[in-house]
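So the chains spell out like this:
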Amino acid sequence: MMNQDHVLHASQDDEMESLVLHDDNGNGNGNGNDSSGNIQQPSQSPKSPFNSFLDPPSYAEAIFTSFDSNGHDQTLEQSSRSGTGSGSGSESDCMQISVSDPQEEQELTNSLVPGGSSYHTYLITTRTGKSEVGVRRRFREVVTLSERLSEAYRGYVIPVRPEKSSVERKVMQKEEFVEQRRVALEKYLRKLVSHPVIGKSEELRLFLEVQGKLPLMRTTDVASRMLDGAVKLPRQLFGSESVAVDLNDVTQPARSGRDLLRIFKELKQSVTNDWGAAKPLVVEEDREFMDKKDKLMEFEQQLSNVSQQAESLVKFQQDMGETMGELGLAFVKLTKFESEEAEFESQRVRAADMRNVATAAVKASRLYRELNTQTIKHLDKLHEYLGTMLAINNAFSDRSSALLTVQTLSSELASLHSRIEKLEVAASRIFGGDKTRMRKIEELKEAVRVTESAKICADREYERIKENNRSELERIDKERQSDFQNMLRGFVVNQAGYAEKMAAVWEKLAEETSTYSSNNS
Amino acid sequence: MVTFEGMEQQRSSSGASLSPRSPSSSQPFLSVSVSDPVKLGNGVQAYISYRVITKTNFPEYQGPEKIVIRRYSDFVWLRDRLFEKYKGIFIPPIPEKSAVEKFRFSAEFIEMRRQALDVFVNRIASHHELRQSEDLRTFLQAEEETMERLRSHETGIFKKPSDLMQIFKDVQSKVSDVVLGKEKPVEESDAEYEKLKRYIFELENHLAEAQKHAYRLVKRHRELGQSLSDFGKAVKLLGASEGNALGKAFSELGMKSEILSVKLQKEAQELLMSFEEPLKDYVRAVQSIKATIAERANAFRRQCELAETMKLKEINLDKLMLIRSDKVAEAEREYHELKAESEQATKTFETIVKLMNEEIGRFQEQKTLDMGIAFHEFAKGQARLANGIADAWRSLLPKLEACSSSQ
Numbered sequence: 001m002m003n004q005d006h007v008l009h010a011s012q013d014d015e016m017e018s019l020v021l022h023d024d025n026g027n028g029n030g031n032g033n034d035s036s037g038n039i040q041q042p043s044q045s046p047k048s049p050f051n052s053f054l055d056p057p058s059y060a061e062a063i064f065t066s067f068d069s070n071g072h073d074q075t076l077e078q079s080s081r082s083g084t085g086s087g088s089g090s091e092s093d094c095m096q097i098s099v100s101d102p103q104e105e106q107e108l109t110n111s112l113v114p115g116g117s118s119y120h121t122y123l124i125t126t127r128t129g130k131s132e133v134g135v136r137r138r139f140r141e142v143v144t145l146s147e148r149l150s151e152a153y154r155g156y157v158i159p160v161r162p163e164k165s166s167v168e169r170k171v172m173q174k175e176e177f178v179e180q181r182r183v184a185l186e187k188y189l190r191k192l193v194s195h196p197v198i199g200k201s202e203e204l205r206l207f208l209e210v211q212g213k214l215p216l217m218r219t220t221d222v223a224s225r226m227l228d229g230a231v232k233l234p235r236q237l238f239g240s241e242s243v244a245v246d247l248n249d250v251t252q253p254a255r256s257g258r259d260l261l262r263i264f265k266e267l268k269q270s271v272t273n274d275w276g277a278a279k280p281l282v283v284e285e286d287r288e289f290m291d292k293k294d295k296l297m298e299f300e301q302q303l304s305n306v307s308q309q310a311e312s313l314v315k316f317q318q319d320m321g322e323t324m325g326e327l328g329l330a331f332v333k334l335t336k337f338e339s340e341e342a343e344f345e346s347q348r349v350r351a352a353d354m355r356n357v358a359t360a361a362v363k364a365s366r367l368y369r370e371l372n373t374q375t376i377k378h379l380d381k382l383h384e385y386l387g388t389m390l391a392i393n394n395a396f397s398d399r400s401s402a403l404l405t406v407q408t409l410s411s412e413l414a415s416l417h418s419r420i421e422k423l424e425v426a427a428s429r430i431f432g433g434d435k436t437r438m439r440k441i442e443e444l445k446e447a448v449r450v451t452e453s454a455k456i457c458a459d460r461e462y463e464r465i466k467e468n469n470r471s472e473l474e475r476i477d478k479e480r481q482s483d484f485q486n487m488l489r490g491f492v493v494n495q496a497g498y499a500e501k502m503a504a505v506w507e508k509l510a511e512e513t514s515t516y517s518s519n520n521s
Numbered sequence: 001m002v003t004f005e006g007m008e009q010q011r012s013s014s015g016a017s018l019s020p021r022s023p024s025s026s027q028p029f030l031s032v033s034v035s036d037p038v039k040l041g042n043g044v045q046a047y048i049s050y051r052v053i054t055k056t057n058f059p060e061y062q063g064p065e066k067i068v069i070r071r072y073s074d075f076v077w078l079r080d081r082l083f084e085k086y087k088g089i090f091i092p093p094i095p096e097k098s099a100v101e102k103f104r105f106s107a108e109f110i111e112m113r114r115q116a117l118d119v120f121v122n123r124i125a126s127h128h129e130l131r132q133s134e135d136l137r138t139f140l141q142a143e144e145e146t147m148e149r150l151r152s153h154e155t156g157i158f159k160k161p162s163d164l165m166q167i168f169k170d171v172q173s174k175v176s177d178v179v180l181g182k183e184k185p186v187e188e189s190d191a192e193y194e195k196l197k198r199y200i201f202e203l204e205n206h207l208a209e210a211q212k213h214a215y216r217l218v219k220r221h222r223e224l225g226q227s228l229s230d231f232g233k234a235v236k237l238l239g240a241s242e243g244n245a246l247g248k249a250f251s252e253l254g255m256k257s258e259i260l261s262v263k264l265q266k267e268a269q270e271l272l273m274s275f276e277e278p279l280k281d282y283v284r285a286v287q288s289i290k291a292t293i294a295e296r297a298n299a300f301r302r303q304c305e306l307a308e309t310m311k312l313k314e315i316n317l318d319k320l321m322l323i324r325s326d327k328v329a330e331a332e333r334e335y336h337e338l339k340a341e342s343e344q345a346t347k348t349f350e351t352i353v354k355l356m357n358e359e360i361g362r363f364q365e366q367k368t369l370d371m372g373i374a375f376h377e378f379a380k381g382q383a384r385l386a387n388g389i390a391d392a393w394r395s396l397l398p399k400l401e402a403c404s405s406s407q
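Protein chains in written order, with this note's numbering: chain U, 1 to 521; chain Z, 1 to 407.
Source of the hints: derived by calculation from the structure; they are not laboratory data. Worth double-checking, as some hints may not be accurate.
[Unchecked claim] If you only want the chain Z side, here are some residues facing chain U, beta carbon under 7 Å, derived: (1) G243; (2) Q269; (3) N316; (4) M371; (5) A390.
These numbers were taken from a predicted model, which means no experiment stands behind them. For glycine and all other residues, C-beta sits at the position ideal for the given N, C-alpha and C.
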């Protein structure tokens, strides 16, 4: 995974800001029509080896304004995108989310242990047109929201929520951790809002609007679910209870733990599938799907590489800027020294030359720093799409588990039918009928009916999820195309623009030192 | 080819040394070039030989043109001899002997050394006193065997540059002790001179720092270049797996990245030769001045010691004369010997002082010129790089537009 190796720091900035260069151009303090603006760089989180690639690289936390070829400031694309939601464009659909004001609160428990633990809440403000709603939520509620959405919107590519990262919490300073989480939450909610389906979901609406405790049912913890399952299990295993298949249950993946027996069955089925003893029921579509999946995996691999290289590039650009700045500083000191100690006119001349060099170097250093903050912004898209790949994988596994359910029910039906057949054969041999067996056959036929309707539900669900997959991939593909186009263009324009600015700085110095050129002497 | 001197270099057969006017036979000239480095020998014994071409109309020289083969240690020999003979003059510095680089002998290292040696000899040839040196004549004209003999028979104080370094260090500590007032031995009480000494020592520190950062800047260029190359490759692969118009856009970007990587590597080398090396040369020059300062201190001490001794001898002589001792004659002889020595020492010292005063002004002027050229080349190089980068990226934009419109 990616290791974040560098930290943007402002310490060198301070040293350079305090220099007086006697420069009539005002030391390039982002003056005039530069779109350099204000670059605030909040303290960065220390590098953490536990960052999964979901967590944004720390460089993304720099606040900046963009540079485009017109030299005008441009607001972040992201905020404009999240603002328009699914792009329907009407004013009332325009939702703008911001997450702010983290506050520490105490856990209200009736526990015997004095001094309960604390947690943070965040103010989530939703602005729609002219109205504004604000709620306070803690991270746990975000987790609940994310789980609800996963359950309700299977097959959709749902943005992945920020990690719980309990390790990071211990490693980082509290303020830094809270700030990092705040930023992550904001990004997450904005992504949710801009999803054409999720953005309009009831779950999200409740989360954003309803004051007080989140009215979404928390999915019961796995342990109690397992216990419930375990209690039911023995009777089912011994077959004394008919396999009561709740139709609702069919539409949920077995892994949520509600039905232990079902988990066992589906496990058996998936093992069967893997061993190839039973052919998967749906073959033709799978191939196309598998191809797409493979392609996406390869794409993800390449994307990850590029993202890594982009990180390195940013680091080296920063190093360049830093060293250039240090060089400038060294020349400032030399200038001062020679000016003060000058006995000869030649020394004064040299001091003047050195001052010009220092000025140019310091300006160039600042330009490198600005260039970098812009580069980060553009290349951050790469990182974002890695997160999207993960969400796509989730959508794919929704499909796989739905398919597994279908296949399990199919083989369940097949086995029921064969048992009925065997019983009927055996029963037919007994003259005058076999009451026990006949009763058993009836039971099994009832089970078949139930299982058949369950299978119909499962089939429908599978088809639905497949369609969701398909339409989502189509949507994402389009978005990706345009996102990447913009990213490339932005990156290139940025590089070109700053290179031109730097060329101007150096050309000025070349002119100032032109008396020394070999053409003249 | 860029020199630090602002003189035309010896590409053309006529080389101006002091005057920019084309040389005529009446105008004395001496021009030298160091070229054609050739690696000789094997393994640990390997060394580089250089061709040294001299063109001159000095009567003392054997002829108008002479070509000899010299190696690095010959240059060291020349420097050591000049240092001994011309006390007070700031002897031009030579590039450091590098034990590590020697084994690698990269093309860039060889070229840098050649350039530095060329500059070294030319500075000597253009110094109004040093150019008259007999040792210089030997260096420029002697057969290889002669040079080898001289090299190995070096009996001077400075056998190896490492010895020189050691003496620098000793002198540095001695002189800085004096400057700091730790010792109170014989020292000049010249306030101006004290100021100069302090200036030289501080200057070295400042310059060393600038040179350090200049060297790092070279490294940064190389690193960024490498990074762009890696980035370009990864982007090209992404483009390939993407396919379609967007994929093409990525490929174009990747290719441009690789082109820029090459530009950066090139500029790194330029920066090393035209900016970092002159700074290093400046540092060496300052260190050479420190050695001269040490010489002056020695000469002053010697002068004082002899003067002391002479006084004592004089007192002793008077005593002897008073008691009409038969040792008078001997004592008188000794006294006169000593007096001559003392006068010589005084003269030596005073010469050093006079020369140094002349040298310092010349040094400052020369350095302003040298650095001016270095700064100019630095600016030009960086401008060239920046423009190259801007052009490369700008040329990519229409291609990107084409890719997006064909979506």
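Results of checking the hints against the structure:
1. Restraint check, G243/Z versus chain U: the minimum CB separation of about 9 Å is more than 7 Å; hint violated.
2. Using the Cβ-Cβ criterion of 7 Å, the hint placing Q269/Z at the interface with chain U is not satisfied: the shortest such distance is roughly 16 Å.
3. With its C-beta approaching chain U no nearer than about 45 Å, N316/Z sits outside the 7 Å limit, and its interface hint is violated.
4. With a least beta-carbon distance of about 6 Å to chain U, the hint placing M371/Z at the interface is held under the 7 Å criterion.
5. The beta carbon of A390/Z comes within 4 Å of a beta carbon in chain U, closer than 7 Å, and the hint placing it at the interface holds.
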